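2 protein chains.
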Amino acid sequence: MAAQQKRSKERLDAILAAALRCFRREGFHGASISRICAEAGISPGHLYHYFDSKEAIVEAIVQGDRERIRGMLDQLATAPDPVEALMRAILTPSLEQRLQIDGVLTLEIYAEAARNPRIAAIVNDFNAHAQASVANLLAALQRDGTVDPDAQPDRVASFLISVAEGLMLREAVDPLHRPDHVAPYLRKLLRTILVDPPRKK
Amino acid sequence: MAAQQKRSKERLDAILAAALRCFRREGFHGASISRICAEAGISPGHLYHYFDSKEAIVEAIVQGDRERIRGMLDQLATAPDPVEALMRAILTPSLEQRLQIDGVLTLEIYAEAARNPRIAAIVNDFNAHAQASVANLLAALQRDGTVDPDAQPDRVASFLISVAEGLMLREAVDPLHRPDHVAPYLRKLLRTILVDPPRKK
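So the sequences go chain by chain: A and B.
Take the first sequence: its position 11, counted from the start at 1, is 11 in the numbering used here, and no numbers get skipped.
All you need for the numbering used here is the position in the second sequence, starting with 1, plus 201.
Read the hints as simulated data drawn from the structure, not as lab findings.
It is possible that some hints are incorrect.
Under 8 Å between C-beta atoms, here's a sample of chain B residues computed to sit facing chain A [what the hints assert, rightly or not]:
id, residue
1, G231
2, I234
3, A312
4, A314
5, N328
6, S359
7, Y386
8, L387
9, R388
10, T393
11, L395
The model shown is predicted, which means the values in this text are computed figures rather than measured ones.
All C-beta atoms in this analysis are idealised placements derived from N, C-alpha and C, irrespective of residue type, glycine included.
Based on the provided sequences and hints, a complete structural model is requested.
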């Protein structure tokens, strides 16, 4: 039985990997279920045993990334220097962080979310979780005395996620983008918002 | 002749507006030339008189936005408080700025650029121009004494464009995003990077 479960998990991973290759190459819209099956080397009947639609495949991929991001945030919570740890988390290209969704695929999924309510629900759910996880991390760092007590965790979380996604977007679309060139300004931003005590005007 | 030129310009604007509606509704990939013609109420032969492809339509739309952004940056150069002017420029949803390309359409075009070399060339050209324009603005503000002389215009420009796009992305995809909630942190970021003299550690 354990061997069968293992085989089933391997099959599932192979389908997700094939779907990712297809989405990257042809876009979410362009990649059909039959192309994904061909890429994975299985029959459509077999794929439908695991997933009832392309949306369900995206859901499984996003779910996997959510767990990886949660692991990353757990590490941040105990990092000796949270600002430097955040710097690394934001500037390391997502594929090196072993996330399955890189910048281009994020664009694809977000663009699809504007038209497809099932994808929009997946994206909204993911965003709400990411926002809450980062806000929780910031609140914990405030209790430790590491983060400025005047920062509002939920709003700072929202701002930092915007900044991180903006940098990921640049990384994905702009060949002139150099993470090392923006790093000093990102560090200034993080120190100002998270660490430095507010200065009176 | 002048009347004919005016009619031609009106026809062109009508095609671009129809294409924008189609791209928003169906995505760049989904929107066919024949759907765009139906939306504009013209024949394909007539459309091909103006544009030889969907890519050429995107190019014309991006070109229009480039000119509007240039106008916006010219206003910033003479604003009494550049930080507050930048705040408004970044946080005002793009449609209110009379740009034709909003967040969702940007996603669509960026995602397509990952697969389509003609679209990639248009996007790269636009990005290089935006980057240079913002860097020029910052350099001019440094000469005026408004911006911290230690800031490196090209790198700060790159960072600010990333941040602005990240916020635009959030606005497009996250129903929980509240520009007024992130505004105080954006202001801190802008003041720290652009205005405050560097503090010695």
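Hints, verified against the model:
1. Hint status for G231/B: holds, given a least beta-carbon distance of 6 Å to chain A, under 8 Å.
2. With a least beta-carbon distance of about 17 Å to chain A, the hint placing I234/B at the interface is violated under the 8 Å criterion.
3. Given the 8 Å rule on beta carbons, the hint for A312/B holds: about 4 Å separates it from the nearest Cβ of chain A.
4. Hint status for A314/B: holds, given a least beta-carbon distance of 6 Å to chain A, under 8 Å.
5. Taken as an interface hint, N328/B checks out: its beta carbon lies about 5 Å from the nearest beta carbon of chain A, inside 8 Å.
6. This hint holds: S359/B has a C-beta 6 Å from the nearest C-beta of chain A, less than the 8 Å allowed.
7. Against a cut-off of 8 Å between C-beta atoms, the interface hint on Y386/B holds, since the closest Cβ of chain A lies about 4 Å away.
8. Taking 8 Å as the C-beta cut-off, the interface hint given for L387/B holds, the closest approach to chain A being about 7 Å.
9. Among the interface hints, the one on R388/B is violated; its C-beta lies about 11 Å from the nearest C-beta in chain A, farther than the 8 Å criterion.
10. Of the supplied interface hints, the one on T393/B holds, with its beta-carbon coming within about 4 Å of a beta-carbon of chain A, less than 8 Å.
11. At about 10 Å, the closest approach between the beta carbon of L395/B and any beta carbon in chain A exceeds 8 Å, and the interface hint on this residue is violated.
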